[in-house]
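Undergrad: As a plain string of letters, each chain reads:
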Amino acid sequence: MALRTKAHDMGMHTEQLSGRTQQRFFTPSEEENFTYPEAFDVDFNKRAELDCGPLSPRDVNLKIRDLMSKGYGTIVLKNPGAKHSIAVGILNKLNLHIEGSLGYFGCGLIDGPNIRIKGRVGWSCAENMLAGTIIIEKNAGSTFGAALRGGDLVCMGDVGARMGIDMKGGTIIVGGRCGAFCGFMMQRGRMVILGDAGKNLGDSMYDGTIYVGGKIEGLGVDAVPGEMNDLDVSWLTRKLKMYGLETPKGVKNMQKIVAGKQLWNYDNLEPTEKKLIL
Amino acid sequence: MCGIAGLIHRGGKTGDIGTEMTAMLQSLKHRGPDSTGYALYGKPLKGNELMLRFKVAEQDEMSKGFKIHEQVKERRNEVDRRIKELGGRIEEAHDATEYAFRYKIDFAGDRRKLADYIEDVEGAEILSMGHGLELVKDLGDAARVAEQYALKGFTGTHALGHTRMATESDVDIRSAHPYWAYPFADVSVVHNGQLTNYWNGRRALERRGHRFMSNCDSELIAVYLADKMQQGADLKDAMTDSIDELDGVFTYLVATSDALGMAKDVMAAKPMVLYESDKFIALASEEVAIRSVFPHEIDTFDPYEGEVRVWKSA
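Read top to bottom, the protein sequences are chains A and B.
Letter 32 of the first sequence, counting from 1, is numbered 282 in the numbering used here, and no numbers are missing.
Letter 261 of the second sequence, counting from 1, is numbered 271 in the numbering used here, and no numbers are missing.
What the hints contain is simulated information worked out from the structure, not anything from laboratory work.
Treat the hints loosely; a few may be bogus.
In silico SDA-like links for lysine to any residue, alpha-carbon gap of 20 Å or less [said to hold, decoys possible]:
(1) A:Lys368 - B:Glu307
(2) A:Lys368 - B:Asp309
(3) B:Lys39 - A:His334
(4) A:Lys465 - B:Glu286
(5) B:Lys39 - A:Ser306
(6) A:Lys388 - B:Ile291
(7) A:Lys328 - B:Asp309
(8) A:Lys388 - B:Asp309
(9) A:Lys328 - B:His306
(10) A:Lys388 - B:Pro305
(11) A:Lys368 - B:Thr165
(12) A:Lys388 - B:Ser287
(13) A:Lys388 - B:Leu284
(14) B:Lys162 - B:Ser287
(15) A:Lys465 - B:Glu317
(16) B:Lys56 - B:Thr165
(17) A:Lys368 - B:Glu286
(18) B:Lys39 - A:Arg308
(19) A:Lys368 - B:Ile308
(20) A:Lys388 - B:Ile308
(21) B:Lys39 - A:Lys368
(22) A:Lys368 - B:Ser73
(23) A:Lys328 - B:Arg217
(24) A:Lys388 - A:Lys491
(25) B:Lys39 - A:Leu305
(26) A:Lys368 - B:Pro305
(27) A:Lys343 - A:Asp291
(28) A:Lys465 - B:Val276
(29) A:Lys328 - B:Val303
(30) B:Lys56 - B:Arg121
(31) B:Lys39 - A:Pro304
(32) A:Lys388 - B:Lys39
(33) A:Lys368 - B:Leu284
(34) A:Lys388 - B:Glu307
(35) A:Lys465 - B:Phe304
(36) B:Lys39 - A:Gly303
(37) A:Lys328 - B:Pro305
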């Protein structure tokens, strides 16, 4: 008998996805499965501050790792100065507070930490993020959440072009507006834009769902309007409440964009993969 | 990859734009180590006065034999003679380097004719000839170029800058940005990206009588905009037209004697971060450049695809 998980309770298994889901859900009793063998045992009440001003990005990342190895579960980065590649590859539970702005590739390849950034982030923030939460209080650059696999990525301000390009899971929420080609080749997951969306939204998307609170300048190839249902409304209400966000016209009046499914279906399994599941 | 940067002091204010732009460009050094260039806009000169920046040799020529030093002297003397022959008066003459010079001249005649006549001298190239614009570019990073040309303390209203990774043309001063829209005074451009209709655009402009100094696609933008403005368009309209008429991926900055503008193509595939306040505007390929001027927390954002913005200094 299939295990009933939190994901089932959240209604994530009743979505009308035409493809075969490749999401994996773990039961609460398998919590240890979410951690890596070499993950550090950290205490969220143990707090450290790090002045990034005189440090190179490499040194900042090594210091974070060093602090986690010493059990620090809450780390505050001061003066990040928009340096690139800060806080990448963190495969650990961690509360990370960044008091300033990040440059390119900030918080990429992470799996687990909860990160709050007081400033802005440059291009490709949270690229390939697997799990955790990232909240950005200001704006974000282009390719925000590129190839996102899981977790919640939230930008309170505006976001540039090509957000969620090649996105494969998780949730991106934008408090403001976003640029062109957002959701380009999107394959899974959800994107919520509370403001206006730029041209070619969802261009060549294979799957996934995009919700827009404002105006859409134009849809891309094979991105089509979907119909909002109760499940969408309850999910959106819950998600936005988590981050203290709301859309002026109410979630019921948001526009839903889905894939028209006229493109090649990436979700067909390869013969070798079929063997594995038979 | 290249890095571009721009800044403008608003409300008619001036600042040490030499130091500010050097800090911005030095923090973008990783985007292109081949050359660095500045378009600096000082206080506009009066009447027929022009600030002339020109060179009579390339940097690497200076290390090739003893004869070049004598040739530089001869070439410079010939430039001086030709300026006087066409009715110009040299009011100030400074040696920026061994091979690049900065002249303040008084000249009421045809600027194109003067520029053509000077560039007819072997090895001579005019970098800029403007009422406010002074164009400085050379090989190496911003710290090196700023020191070489004594840019610290250069007072002005606005500036453009560029760090170049040579992908489309040679590593020499001629191919370095910014580009001056020859022979239009005070129009300069820095660009990040590639123009795919460069040759078509160039041929069309050459048929209209314009001359190109390099084979770099970025020069097309400068000449294109100057041509539009010569036909009566204002800067913003010319830039808006460029979004449709220039093909490729590009983000560029343009400056005139009293304005700074930015434009981004519809694909928005080249970066630009913008900080805007009542007193100061700063733009750059990466936020680290803006942070080099503002260490404290500020609000910055990405301009959107197809976006055109223009700011006036006064």
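Undergrad: Run the distance test for lysine 465 of chain A versus valine 276 of chain B: straight-line Cα separation, threshold 20 Å.
TA: holds, 18 Å
Undergrad: Can you confirm whether the C-alpha distance between lysine 388 of chain A and aspartate 309 of chain B stays at or below 20 Å?
TA: Between lysine 388 of chain A and aspartate 309 of chain B the Cα gap is close to 7 Å, so the pair holds against 20 Å.
Undergrad: Is lysine 388 of chain A close enough to lysine 491 of chain A, meaning Cα to Cα at most 20 Å?
TA: holds, 19 Å
Undergrad: Sort out whether glutamate 307 of chain B lies within 20 Å of lysine 368 of chain A, counting only the CA atoms.
TA: holds, 9 Å
Undergrad: Within a Cα-Cα threshold of 20 Å, do lysine 465 of chain A and phenylalanine 304 of chain B meet the stated pairing?
TA: The hint is violated at about 34 Å.
Undergrad: Run the distance test for lysine 328 of chain A versus arginine 217 of chain B: straight-line Cα separation, threshold 20 Å.
TA: Judged against 20 Å, a Cα distance of about 57 Å means the pair is violated.
Undergrad: Does the alpha-carbon distance linking lysine 39 of chain B and proline 304 of chain A stay inside the 20 Å limit?
TA: holds, 18 Å
Undergrad: Does proline 305 of chain B lie within 20 Å of lysine 388 of chain A when you go C-alpha to C-alpha?
TA: holds, 17 Å
Undergrad: Is the straight-line distance between the alpha-carbon of lysine 39 of chain B and that of serine 306 of chain A 20 Å or less?
TA: The given pair, whose Cα atoms are some 15 Å apart, holds under the 20 Å limit.
Undergrad: Within a Cα-Cα threshold of 20 Å, do lysine 368 of chain A and proline 305 of chain B meet the stated pairing?
TA: Holds, at about 15 Å.
Undergrad: For the pair supplied as a hint, lysine 388 of chain A and isoleucine 291 of chain B, confirm whether the alpha-carbon distance does not exceed 20 Å.
TA: It holds: about 18 Å lies between the C-alpha atoms, which stays within 20 Å.
Undergrad: Holds or violated: lysine 465 of chain A and glutamate 286 of chain B, Cα atoms, limit 20 Å.
TA: violated, 25 Å
Comparing the model with each numbered hint stated earlier shows that hints 4, 11, 14, 21, 22, 23, 32 and 35 do not hold.
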